[in-house]
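Chains as they are written, first to last, in the numbering used here: chain Z, -15 to 287; chain B, 36 to 551.
In short, the hints are calculated from the structure, not lab data.
Note that the coordinates shown come from a computational prediction; the quantities given were computed from them, not determined experimentally.
A portion of the hints provided could be inaccurate.
Only part of the chain Z face toward chain B is listed, based on derived beta-carbon distances under 8 angstroms [claimed, not checked]: (1) Thr50; (2) Val51; (3) Met99; (4) Glu182; (5) Glu225; (6) Lys241; (7) Ile245.
Residues from chain Z that keep clear of chain B, each with C-beta distances beyond 10 angstroms, as calculated [claimed, not checked]: (8) Met24; (9) Asn89; (10) Thr284.
We put the beta carbon where it would ideally sit given N, CA and C, even for glycine.
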Amino acid sequence: MDLLRPLIKSFQKFKIMQLEIQNISKKYSRNKYGLKDFSMTIDKGILGLLGPNGAGKSTLLKMIATVSKPTDGVILLNKNNIVKDANYMRKKLGFLPQDFGVYPNLNAFEFLEYMAAMKGVGGKDSKLRITQLLEGLNLIDAAKKPIGSYSGGMKQRVGIAQALLNDPKLIIFDEPTVGLDPEERVRFRNLISDLANECIIILSSHIVSDIDTIADRVAVMKSGTLITEGVQEDIIKSVSEKVFETVIDKAHFSSFKNEQIVVSTTRENGRLKVRYISKTPIGNSVQKLANLEDAYLYLTKTN
Amino acid sequence: MKLFFKTIKYDYLQRTRSYAFLITLCASLAIAYTFVPEPNANYSTIRIADFVGDYNAAWFGYVTAIMTSVFLSLIGFYLVNSGIKVDIDTKVGQIVFSTAVTNFKYLFSKVLSNFFVLLTIVGIVFLMSIVLFFLYNNGTSFNLFQFIKPYTLITIPSLFFVSVIAVVFEVCFGRYSIIQNVLFFFLFSIMMVFVPKTEAQYALDVFGNKIVIHEMEEMVRLVSGTNEKQDLAIGYVLGNTTKASKFNFNGIDFPLIFILSRLLWMCFGICIIALISYFFHRFDVKEHLSTKLKSRVNKSSIDKDISLSQLTKLKTNYSIFPILKTEILLLIRKEKKWLWLINVIGMVLLTLVPFKMAHQIGLPILWFLQVSRLSNLVTKETFNNTHYFVFASYKPLQRVLFSQILAGIMLMLFLSAPLIIRCIIEINYVALSAVVLGAVFIVLLASALGILSNGKKLFEVLFFMITYANINGIKFVDYFGGFQTEYTYILKLLILVCTLVSLVFFMRRNQLKNMT
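Let's have the full structure, built from the sequences with the hints guiding it.
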């Protein structure tokens, strides 16, 4: 059996697609951590990564993408330590950073060809794949114009296209829908859900609606730590029977906000209709069906 | 008014809180240390025929003030000539101009911010000059006034005017940084060769040092008992180790007209700013252009859904040629197309002018014209915010960095092709090797300084100084074999190139490791 073990291991390397994050930390100074003792295992499918600004989402994603090294811990992709062997990850990675730029003097086609070369892919079919991606992302008309003349949303779509260039097995999207109009957001979701069966997709956002429609699993982060991780239904269970709606006077809103976790407010006949989370609801409240946004707010406010 | 000063303060802080500025300060300190040579040093900075001044307070004060005025005017322009550009790139300018600020107030605040940045460096040099006095003085007493007077009347007005010129050029030539750089280079050279004939004409000397040099020459004539014009050397002259005679220099009494002229230069600068403020674009030009372009590119209407899993699969291809091709494309497109005309003219001149002139003057100038291309070579990832893509690419050192350096070398060799061909025709292999190694050296220097400082300025300033020194025939900084013809020189250059290669790859590897 021992003799077969290396063979089984190498076979597993080809079969499975698994990312293991083991106790990683990113220390900036003596007492300042971007990420602290973070562990998680991610399998094929779409993982939605939620967290408020400064939660450490981008720090984590940059470490997975090999552009930043953890201070402690290891990251394994199919049992390969990518902290040591970054190129193993780079060959399989598609990465869209949160805040990225482009070379304004290149057009979209040239930029994507350049990106393909950097990722180590090419061949005679590269032009075809780039054209297909540009068509899918609604950029084909502008493909020969300098990227410097593109709008923010168009640049974002060029970024998405480059992440999908090399037929990646692990795709990281850090705030991918920034700058996209509602129609493009829907288009983006449709585009990537197609890949969920083949690869690991990590989708980071602080906008819950970007995540709840497509993510198979959800992880919530805060202050560099993982608060919870699981399928959406399980996470929502944490606030079931705690979400209520009531109508209050505007004058009372300030004190109400201090006592309860307010999810949203809408104006109604000069008063405020408030959706809130509480274990002890006020008198005239109506219980509502909880959703991911409620759970996310509850978890980040109470942890 | 309070708001105006706050604008200057924060602009100043923004510029000085950078690694590049810290390096500049350290470099200034090191350079200032050499302004007055140690008594047994084998170089001189200011020397009139065989005479240098007694090492008293006046000599230290005046020499360091003159050297600062000349050198900081030269490099200072390149340090501060991007104040408005930064506001364009960061889009802070648009925010500023959505307030009630006037063009004049904004531009004048940029002048003052430039001036304070340069003044900080002057402060460091000033302190170093006092330290030098206490290190090397010949037993004479310390007189602070002999330091304050030349710095106040020579250095400070010069730097104020340079601060003005930097803003004027930015307003007039916008994003054409290459025109700004070259034009200042010529302006500086013209001002340096200007020789006043009368007392009134000294007022026209913007650097304010000619009057002091003239007085020094007069004193030397008096001491040596000759009426002949004295051979003046200003700048770093190496190897003149013959024991210099001393003359007693106790400073000069500046004529009233000169003192007034220094004030007038500053007022003149303010007037120019007031004048150009009428033409300032208020950050509207670029927006206007991009709106025009956007209207063209926004009309994308195809709405074809695709299935990513069905897309054509790409093959593994680790060839660096596609990267190299794009790197060359980026280098070519870095500046406006019509500026290539200047390069073509330069190449034609390399073909037609006498070989020596082409090699010693034509080549360094033509290469210097590529300064913004070279400084952008390995820093464009940072400035264009594409570093996540580049640094997460497959083998970023062996493939991307190598391609970048290779593209830079190819550009420099292409520009020097006429000279290379002439070397081959003349069977001058030393010159040929030197030109090739020079191209490699300057590209590697740009890469090393770009990675080290994570910015462009350090290389741009140094390249300017190296070019200026080469045009003035200083052998020490000859990196392309214009003045050296020995094989040992080629060997030294080769060693330098090898060292730089290792350094560049080592620093980039560290940069990749330490990315946060």
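Outcome of the hint check:
| no. | hint | verdict |
| --- | --- | --- |
| 1 | Thr50 | holds, 6 angstroms |
| 2 | Val51 | holds, 5 angstroms |
| 3 | Met99 | holds, 6 angstroms |
| 4 | Glu182 | holds, 6 angstroms |
| 5 | Glu225 | violated, 40 angstroms |
| 6 | Lys241 | violated, 31 angstroms |
| 7 | Ile245 | violated, 33 angstroms |
| 8 | Met24 | holds, 20 angstroms |
| 9 | Asn89 | violated, 4 angstroms |
| 10 | Thr284 | holds, 24 angstroms |
Of the hints listed earlier, those the structure fails to meet are numbers 5, 6, 7, 9, in rising order.
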